[in-house]
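Chains A and B, in that order, are what the protein sequence lines are.
Numbering-wise (my numbering), the first sequence opens with residue 1 and increments by one.
Numbering-wise (my numbering), the second sequence opens with residue 1001 and increments by one.
Careful: at least some of the hints might be erroneous.
Unchecked claim - Straight line, CA to CA, 35 Å or less: simulated DSBU-like cross-link-like pairs of lysine-lysine:
{"id": "1", "chain 1": "A", "residue 1": "Lys59", "chain 2": "B", "residue 2": "Lys1080"}
{"id": "2", "chain 1": "B", "residue 1": "Lys1080", "chain 2": "B", "residue 2": "Lys1112"}
{"id": "3", "chain 1": "B", "residue 1": "Lys1150", "chain 2": "B", "residue 2": "Lys1112"}
{"id": "4", "chain 1": "A", "residue 1": "Lys59", "chain 2": "B", "residue 2": "Lys1150"}
{"id": "5", "chain 1": "B", "residue 1": "Lys1112", "chain 2": "A", "residue 2": "Lys59"}
{"id": "6", "chain 1": "B", "residue 1": "Lys1080", "chain 2": "B", "residue 2": "Lys1150"}
Unchecked claim - Incomplete in silico selection of chain B near chain A, CB under 10 Å:
{"id": "7", "residue": "Arg1064"}
{"id": "8", "residue": "Ala1069"}
{"id": "9", "residue": "Val1073"}
{"id": "10", "residue": "Gly1077"}
{"id": "11", "residue": "Ala1082"}
{"id": "12", "residue": "Phe1089"}
{"id": "13", "residue": "Tyr1118"}
{"id": "14", "residue": "Ala1121"}
{"id": "15", "residue": "Ala1122"}
{"id": "16", "residue": "Arg1125"}
{"id": "17", "residue": "Tyr1148"}
{"id": "18", "residue": "Lys1150"}
These are computed hints drawn from the structure, not numbers from a lab.
Glycine residues also receive a C-beta, built at the ideal position from the N, C-alpha and C atoms.
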Amino acid sequence: MPDGIAVNPRSARVATGALAVGLVLGVVACGGDGPHDDAPSVDHRIDTRVCAITEVARKHTVGGRSFAELIELPPTEPDLSGTAAAVFLLRDRHHGTLGPYAPVIDHLAALGKVDAEEHRSVPGVSAGVRTSARRLDRALADGLCD
Amino acid sequence: MDNDHRTDRALRARAPRLLAVGAISLIALLGVTGCDGSVTWRLGKTHGAIIEPTARRASLGIYRTPRHALYQVYRAGGTKAAQDVLWAFGAPPVASISVKGVSISSVALNRKMHGYIYGDAADFRGALIDAETAHDCLALTLVSQGLYIKNWTHKSVGCRTGSL
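Chain A on its own, in the form it takes in the complex (with noise of 0.2 Å):
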């Protein structure tokens, strides 16, 4: 205690509880606001979106190509078309952010609905969506929907 400091012992006792009061509020505090344990991550919510979204595609109609792949095919392909309408069908059911595979996800549904509405313009791929693709090949390849 540096010199010409007094402490008056009952002014001690009060902000000592005050104190312990404010760290076990603290506590309390932030662990209301945490996530529960068994609640889904918002990481596992994506994955189950994405996979959901998919499931059609994987199992019917990507013909044995990734999707890195397959995006590269042209739009009139069956393979391509017949992902892309899947896509299209099953991501109005799915609603919600797609994190890192939006881009290829996004594009397969678009160039679904352009199909399926008959419009001439089809959308491009761009970098973003052959990344995401890759993304999303690897993903699947380390067991995302198994």
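Given chain A, put chain B in place with the hints provided.
Same frame as chain A, now just chain B:
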């Protein structure tokens, strides 16, 4: 095989489906519009009810846009792919109905819907191809001549383009 069974069980366990909504509503519409000689569509962006009063027929119609998407899925992956995407595309039913002494519950429709979609692959495939060729709606007839029936077909009258 186990995976297939698990998938089937999971599919059956998914409650309420898109087609059920349409089926319930179309039966309900029989009571509302069955006597005025008109063809009536109702419901969502993707599907609706087709009522043919003179034939006492009611069908669920899947609009042209989703029908074309279904066909593209079929073209790439076959009938099972189209059936799977149609089933996965479901949405909840809303009610039970009773019309002119003929009742059908949402529970019963939910129970039957899997069979409607998967029960007769050849019937479904033929109707989907015909609908695409004729640029019609894909239709599931559930009542004809006042009797329950299950028949995949295609309809042009009252068919809409629809959207998602």
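Each hint tested on the structure:
With a C-alpha separation of about 10 Å, the suggested pairing of Lys59(A) with Lys1080(B) holds against the 35 Å cut-off. A hinted pair counts as satisfied when its Cα atoms are at most 35 Å apart, and Lys1080(B) with Lys1112(B) qualifies at roughly 18 Å. Taking the CA atoms of Lys1150(B) and Lys1112(B), the gap is near 10 Å; set against the 35 Å cutoff, the hint holds. Taken as a hint, the Lys59(A) and Lys1150(B) pair is honoured in the structure, with Cα atoms around 28 Å apart against an allowance of 35 Å.
This hinted pair checks out: Lys1112(B) and Lys59(A) have alpha carbons roughly 24 Å apart, not beyond 35 Å. With a C-alpha separation of about 19 Å, the suggested pairing of Lys1080(B) with Lys1150(B) holds against the 35 Å cut-off. Because the smallest distance between the Cβ of Arg1064(B) and any Cβ of chain A comes to about 8 Å, under 10 Å, the interface hint for this residue holds. A cut of 10 Å between beta carbons decides the hint on Ala1069(B): the least distance to chain A is about 4 Å, and the hint holds.
With its C-beta approaching chain A no nearer than about 5 Å, Val1073(B) sits inside the 10 Å limit, and its interface hint holds. Nearest Cβ of chain A to the Cβ of Gly1077(B): about 3 Å, under the 10 Å cut. The hint holds. Given the 10 Å rule on beta carbons, the hint for Ala1082(B) holds: about 9 Å separates it from the nearest Cβ of chain A. Interface restraint check for Phe1089(B): the shortest CB-CB distance to chain A comes to about 5 Å, inside 10 Å, so the restraint holds.
Annotation: Tyr1118(B) was flagged as interfacial toward chain A, and the flag is violated, the nearest CB pair being 14 Å apart, outside 10 Å. With 10 Å as the threshold, the beta carbon of Ala1121(B) stays out of range of chain A, its nearest partner Cβ sitting at about 14 Å, so the hint is violated. Here the hint on Ala1122(B) is broken, as its CB sits about 18 Å from the closest CB of chain A, past 10 Å. Because the closest C-beta pair between Arg1125(B) and chain A is about 14 Å apart, greater than 10 Å, the hint is violated.
Interface restraint check: Tyr1148(B) against chain A, minimum CB-CB distance 28 Å, threshold 10 Å, status violated. For Lys1150(B), the suggested interface contact is broken, since its CB lies about 23 Å from the closest CB of chain A, more than 10 Å.
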